[in-house]
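Asks: Read top to bottom, the protein sequences are chains X and H.
Numbers in the working numbering are just positions in the first sequence, counted from 1, shifted up by 1.
Numbers in the working numbering are just positions in the second sequence, counted from 1, shifted up by 4.
These are computed hints drawn from the structure, not numbers from a lab.
For glycine and all other residues, C-beta sits at the position ideal for the given N, C-alpha and C.
Careful: at least some of the hints might be erroneous.
Lysine to any residue pairs mimicking SDA-like chemistry, simulated, CA-CA at most 20 Å apart [said to hold, decoys possible]: (1) X:134 x X:296; (2) H:43 x X:99; (3) H:235 x X:605; (4) H:235 x X:646; (5) X:66 x H:6; (6) X:580 x H:235; (7) H:43 x X:701; (8) X:502 x X:513; (9) H:235 x X:99; (10) H:43 x X:170; (11) H:235 x X:632; (12) X:580 x H:237; (13) H:301 x X:697; (14) H:43 x X:71; (15) H:43 x X:632; (16) X:66 x H:235; (17) X:580 x H:5; (18) H:43 x X:513; (19) H:235 x X:697; (20) H:301 x X:701; (21) X:68 x H:7; (22) H:43 x X:633; (23) H:235 x X:640.
Covered by chain H, per the in silico footprint, the following chain X stretches (three or more residues, Cβ under 8 Å) [to be verified]: (24) 96-108; (25) 573-587; (26) 616-627; (27) 641-652; (28) 694-703.
A few chain X residues that face chain H, going by a derived Cβ cut-off under 8 Å, partial list only [what the hints assert, rightly or not]: (29) 630; (30) 634; (31) 635; (32) 637.
The lines below spell out each chain.
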Amino acid sequence: MVDYNWPEASKRDLIGARIERLDGPLKSTGAAKYPSDIKRSGMLYGRILTCPHAHARIRSIDVSKAKAMPGVVTVHVIQQAGAEIRWAHDEVVFLAAESEEMAADALGAIDVDYEVLPHYVTEGDRDAAPETKPGREREAGEPDQAMAAAAVKVERTLSIPMINHSCLEPHGQLAEWNGDELTVWASTQAVSTIGVGFAEPMEVPASNVRVQTQFMGGGFGSKFDVDRWGVEGARLARLAERPVRLFLDRDHELAVAGSRPSAHATIQAGADREGNLVSWISDSWGTGGLPGTGTTPLPYVLQPPNRRTKHTSVPTNFAGSKAWRAPNHPQAAFLSMSIFEDLAAELEMDPLEFFRKNLGLARGELGKTYDEELGTAADLMQWSANWKPRGSETGVVRRGLGLSIHQWGGRGHRSNCEVKVHPDGAVELFMGTQDLGTGTRTVVAMVLAETFGLALAEVKVHIGDSRYPQSGPSGGSSTVGGVSSSTRRAAQDALAAVFAKVAPDLGVEPDALEARGGRVFVGADPAKSMSWSEAASRLGAVPLSASGRNPGPGKLNDGGVGGAQMADVSVDIETGIVKINRMVAVQDIGLVVNHKLAESQMFGALIMGVSSALYEERIVDPISGRLLNANMEFYKLAGLGDVGEFKVHLMTGPGYDERGVIGIGEPPVISPVAAIGNAVANAIGVRVTAAPFTPDRVLAALGGAA
Amino acid sequence: MRAFEYANPSTLDEAVELLTGSESALPLAGGTDLLSLLKDDLARPDRLVNLKSIPELSGVEVADDGVLRIGAMTTLAELLASEAVADRMPSLVQAAQGIRSPQLHTMGTVGGDLLQRPRCWYYRAGFGLLAREDGRSMVVDGDNRYHAILGTDGPAYFVNPSSLAPALIALGARARVHGPDGGREVAVEELFRNPASEGELELTVGAGEILTEVTVPATPSANATYEVRQKEALDWPLAAAAVAIESDGTVVTGARVVLGHVGPVPHVAKAAADALIGKSAAAGADEAAAAAVSGAKALSGNGYKIQLAKVATRRAIHRALGMEV
Numbered sequence: 002m003v004d005y006n007w008p009e010a011s012k013r014d015l016i017g018a019r020i021e022r023l024d025g026p027l028k029s030t031g032a033a034k035y036p037s038d039i040k041r042s043g044m045l046y047g048r049i050l051t052c053p054h055a056h057a058r059i060r061s062i063d064v065s066k067a068k069a070m071p072g073v074v075t076v077h078v079i080q081q082a083g084a085e086i087r088w089a090h091d092e093v094v095f096l097a098a099e100s101e102e103m104a105a106d107a108l109g110a111i112d113v114d115y116e117v118l119p120h121y122v123t124e125g126d127r128d129a130a131p132e133t134k135p136g137r138e139r140e141a142g143e144p145d146q147a148m149a150a151a152a153v154k155v156e157r158t159l160s161i162p163m164i165n166h167s168c169l170e171p172h173g174q175l176a177e178w179n180g181d182e183l184t185v186w187a188s189t190q191a192v193s194t195i196g197v198g199f200a201e202p203m204e205v206p207a208s209n210v211r212v213q214t215q216f217m218g219g220g221f222g223s224k225f226d227v228d229r230w231g232v233e234g235a236r237l238a239r240l241a242e243r244p245v246r247l248f249l250d251r252d253h254e255l256a257v258a259g260s261r262p263s264a265h266a267t268i269q270a271g272a273d274r275e276g277n278l279v280s281w282i283s284d285s286w287g288t289g290g291l292p293g294t295g296t297t298p299l300p301y302v303l304q305p306p307n308r309r310t311k312h313t314s315v316p317t318n319f320a321g322s323k324a325w326r327a328p329n330h331p332q333a334a335f336l337s338m339s340i341f342e343d344l345a346a347e348l349e350m351d352p353l354e355f356f357r358k359n360l361g362l363a364r365g366e367l368g369k370t371y372d373e374e375l376g377t378a379a380d381l382m383q384w385s386a387n388w389k390p391r392g393s394e395t396g397v398v399r400r401g402l403g404l405s406i407h408q409w410g411g412r413g414h415r416s417n418c419e420v421k422v423h424p425d426g427a428v429e430l431f432m433g434t435q436d437l438g439t440g441t442r443t444v445v446a447m448v449l450a451e452t453f454g455l456a457l458a459e460v461k462v463h464i465g466d467s468r469y470p471q472s473g474p475s476g477g478s479s480t481v482g483g484v485s486s487s488t489r490r491a492a493q494d495a496l497a498a499v500f501a502k503v504a505p506d507l508g509v510e511p512d513a514l515e516a517r518g519g520r521v522f523v524g525a526d527p528a529k530s531m532s533w534s535e536a537a538s539r540l541g542a543v544p545l546s547a548s549g550r551n552p553g554p555g556k557l558n559d560g561g562v563g564g565a566q567m568a569d570v571s572v573d574i575e576t577g578i579v580k581i582n583r584m585v586a587v588q589d590i591g592l593v594v595n596h597k598l599a600e601s602q603m604f605g606a607l608i609m610g611v612s613s614a615l616y617e618e619r620i621v622d623p624i625s626g627r628l629l630n631a632n633m634e635f636y637k638l639a640g641l642g643d644v645g646e647f648k649v650h651l652m653t654g655p656g657y658d659e660r661g662v663i664g665i666g667e668p669p670v671i672s673p674v675a676a677i678g679n680a681v682a683n684a685i686g687v688r689v690t691a692a693p694f695t696p697d698r699v700l701a702a703l704g705g706a707a
Numbered sequence: 005m006r007a008f009e010y011a012n013p014s015t016l017d018e019a020v021e022l023l024t025g026s027e028s029a030l031p032l033a034g035g036t037d038l039l040s041l042l043k044d045d046l047a048r049p050d051r052l053v054n055l056k057s058i059p060e061l062s063g064v065e066v067a068d069d070g071v072l073r074i075g076a077m078t079t080l081a082e083l084l085a086s087e088a089v090a091d092r093m094p095s096l097v098q099a100a101q102g103i104r105s106p107q108l109h110t111m112g113t114v115g116g117d118l119l120q121r122p123r124c125w126y127y128r129a130g131f132g133l134l135a136r137e138d139g140r141s142m143v144v145d146g147d148n149r150y151h152a153i154l155g156t157d158g159p160a161y162f163v164n165p166s167s168l169a170p171a172l173i174a175l176g177a178r179a180r181v182h183g184p185d186g187g188r189e190v191a192v193e194e195l196f197r198n199p200a201s202e203g204e205l206e207l208t209v210g211a212g213e214i215l216t217e218v219t220v221p222a223t224p225s226a227n228a229t230y231e232v233r234q235k236e237a238l239d240w241p242l243a244a245a246a247v248a249i250e251s252d253g254t255v256v257t258g259a260r261v262v263l264g265h266v267g268p269v270p271h272v273a274k275a276a277a278d279a280l281i282g283k284s285a286a287a288g289a290d291e292a293a294a295a296a297v298s299g300a301k302a303l304s305g306n307g308y309k310i311q312l313a314k315v316a317t318r319r320a321i322h323r324a325l326g327m328e329v
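Next comes chain X alone, as it looks inside the complex:
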């Protein structure tokens, strides 16, 4: 029976090392072909006519002129006269033509007559909503009594808006039929699972659908589904009997293909004179478009003993939101950490001390982790030397520090793989997972090579194809735990089979053998050894095959992490402009497989976090109900000159490594808005109650203080 485990620290050659991503050169030279780069012989270009109104009914629709346009091959109306449309940029007609320009011109020739209906798009004003869905009130302890008795209290209404995923590669796919067999090159986070989403509406067995994604240009939670453009793209290809490439235009992408729900809350919180959190009462609401929102997890991380929360979901005339890195957590962190920091300021207490004092209230059993992380973060930020009480800065440009803590799960998802060991010693792995740019391909190769004691270049990893053993969608930071565990189990099984073959020759039991440095040897007597290829040759003519899965035996991955972040900002009080000086991020993720790629994930999360703290929001026109900033000019994202200096640190070693592998996709993106908001409040002496912290909001907050 194989004991599935990770090698101890002294026996790790690759795991934990800083290794560059294997496909880096392919990506930086353009050799990597993303789904939107792929061209097939006879391929047509699909385009989509969308509705310009946030709420309307189609009176009539006429595509006859478009059908007669040069180069137009197929026109397919999906919403007919009489259909009610409930968000701007909802799809009405799909068509395919010989060129992208011909397709675009044909869209312009379609006549649609709309009856415009009233819409609701400004959910900040909850009282004006035509419909709200109040959630259940949750209560613990005696919130009202505790609040009345609290020595210090704060009450505020805070807001964090809907933002977009802004994937560099828009949603879409290239679909090609061969008889009733469909191949789809999709920009997806779910290679193994989206096939059925094509099969059902196309009325073919799921086994007839093959999905391929070698590379993809960002998903962040928005690319788990087939979506309407997936189904209709496949339909156009079938109707035209030619491959159809269909990717969304940027405005369509920003308007409907990925957004994160907003959150607003009126919050009261109280603490005793010593700084112990005692009470919390929140009335929150938000929208994620027409379906409303799920509950924001308030209060976040720290749970005052007396608390009452109520959340109201507000439907609006937008397309439904999609999962955005750590769904609902960044919003909850901003709403909660702002209030906690305000309480510390009321108490005239250093927030670092305030948070540490209250770590006993942390969800789960992460109090010790947070304490260590806050200590490390404080060292990296030189917090005690640099922190000053709120509002004590003078001058035009004021500097401030802020902090936030967060939590996430990140346990490994379901994953299957097959490992083959060839008689010449070649090793390869097949797995229906996908690399979102996070380094999945590299991590799998590292686990594989580490297990067989081979160099990274000596193993081959095949992913991104639904014909390989199925592996879960990449969401919730579940991928690295899942794929590394299934890989390790398959590889350990295969290695055990090789050991069983060669043990007699080396005169020991199989479990006395180790594989490292390209050799198989007796652990207690390394001189007794043979090369890996010689060992593999004992397999005979047929390659050895082993399958691995997750979950499975042995503790290889875990869930439940905490993290701490600190921000150092400068605010120009005459212009209201906020600049990031430094961000510090400290994170535990159990056993780190690739230190460099894990840090890279943290850098990416911080860039995204700075963007959402300072720039990002969906700006919707109250008159037309349309997204006004549906382009990369006014949907502002941070550039490298805007993000400041980052210091990231992963907690490793005893107490962390033995937990096994845990994902890092979401945790580091949760705290930036909260930490930056707290740093701004520390710098200027007043709370900016709505994110992003733009000049108008900062100046308004300062004006209110004067």
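Given the coordinates of chain X, assemble chain H onto it according to the supplied hints.
Replies: Chain H alone, transformed into the frame defined by chain X:
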């Protein structure tokens, strides 16, 4: 994108002939704005006349009388590489540096920066330059956080998007325009107008005309531009001010203060300039800054821009004087 004819003349006269010889021809400079207008179906020319093959339209040179001549097709990168510009016109250098994109520096031209169309999101979304619906301005009733605070007595609320115009106007620059009837010369501020109706263009360079060069007089001045920018990466400023100050060594004898991104045309703030004259510029900076925004009117969401324009003016004056900003 609608089909159009592409013409590639090598002389100015040929270009004018091609521009006047069709219904709706447009000149193509760097294309950094025009191509997106084409893709968004906001410009529908039947012919594009490329200006990049006309050598005389490019380059920076100093004439015998000290006048600096900048060809309209000079790229922003070429402008920034010019020693003559760097020596005399830090305000223009600062303005061009504010365009934070290597791509725009490489392809974008001086003429193209001056004659780019407004970035107003209602205009760019196809609601028209004035964005009026049922007799009301969508800007006034809608989201106007980036819109005009000055020059809004008419129906227009977009802001002039040019980065270089405020600096050039403050420096007293003139523009040469070539057309079917020969050439004409105007002050740079006269390239712009505040449209009174939807059919009226915000630019005075007419159909068939080509902006060929701008000239900057030799008058020595302390000059500077200050942009209030939300982002360091590519982003239009929220407000900007350019100043040019002449002094006799003790007091200001002449001044020009021009605000950008605050009104439908670059805002020549005469009251701000007057506030500087007869004093040391440093002493008059606060008064000039206040005067620069006199008459400014806030819409529902852009009141903060009044403060930003004021700060930009004061900081531009300080920067021109070599003070820290």
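Asks: Does each hint fit the structure? Answer for all of them.
Replies: Here's how the hints hold up against the structure:
1. X:134 x X:296: Holds: residue 134 of chain X and residue 296 of chain X sit about 11 Å apart, inside 20 Å.
2. H:43 x X:99: 18 Å, holds
3. H:235 x X:605: Between residue 235 of chain H and residue 605 of chain X the Cα gap is close to 18 Å, so the pair holds against 20 Å.
4. H:235 x X:646: 16 Å, holds
5. X:66 x H:6: Status holds; Cα separation ~15 Å.
6. X:580 x H:235: 9 Å, holds
7. H:43 x X:701: The given pair, whose Cα atoms are some 38 Å apart, is violated under the 20 Å limit.
8. X:502 x X:513: 13 Å, holds
9. H:235 x X:99: This hinted pair is violated, its Cα atoms lying about 40 Å apart.
10. H:43 x X:170: With a Cα-Cα distance of about 19 Å, the restraint between residue 43 of chain H and residue 170 of chain X holds, given a limit of 20 Å.
11. H:235 x X:632: Holds - the C-alpha atoms of residue 632 of chain X and residue 235 of chain H are around 16 Å apart, at most 20 Å.
12. X:580 x H:237: 12 Å, holds
13. H:301 x X:697: 16 Å, holds
14. H:43 x X:71: The hint holds at about 19 Å.
15. H:43 x X:632: It holds: about 13 Å lies between the C-alpha atoms, which stays within 20 Å.
16. X:66 x H:235: Roughly 45 Å between the alpha carbons, so the hint for residue 66 of chain X and residue 235 of chain H is violated.
17. X:580 x H:5: 39 Å, violated
18. H:43 x X:513: 68 Å, violated
19. H:235 x X:697: Holds - the C-alpha atoms of residue 697 of chain X and residue 235 of chain H are around 14 Å apart, at most 20 Å.
20. H:301 x X:701: Given that 20 Å is the threshold and the Cα spacing comes to 17 Å, the pair holds.
21. X:68 x H:7: 18 Å, holds
22. H:43 x X:633: Cα-Cα ~15 Å, so holds.
23. H:235 x X:640: Status holds; Cα separation ~8 Å.
24. 96-108: This one holds; 3 residues, not fewer than the three required, reach chain H with a Cβ under 8 Å.
25. 573-587: holds (count 4)
26. 616-627: holds (count 8)
27. 641-652: Our answer is that it holds, as 3 residues pass the Cβ test (under 8 Å) against chain H, meeting three.
28. 694-703: holds (count 5)
29. 630: With a minimum Cβ separation of about 7 Å from chain H (threshold 8 Å), the hint on residue 630 of chain X holds.
30. 634: Holds, because the Cβ-Cβ distance from residue 634 of chain X to chain H comes to roughly 7 Å (cut-off 8 Å).
31. 635: Holds - the Cβ of residue 635 of chain X comes within 8 Å of chain H, reaching about 6 Å at its closest.
32. 637: At about 6 Å, which falls below the 8 Å cut-off, the nearest Cβ of chain H leaves the hint on residue 637 of chain X intact, so it holds.
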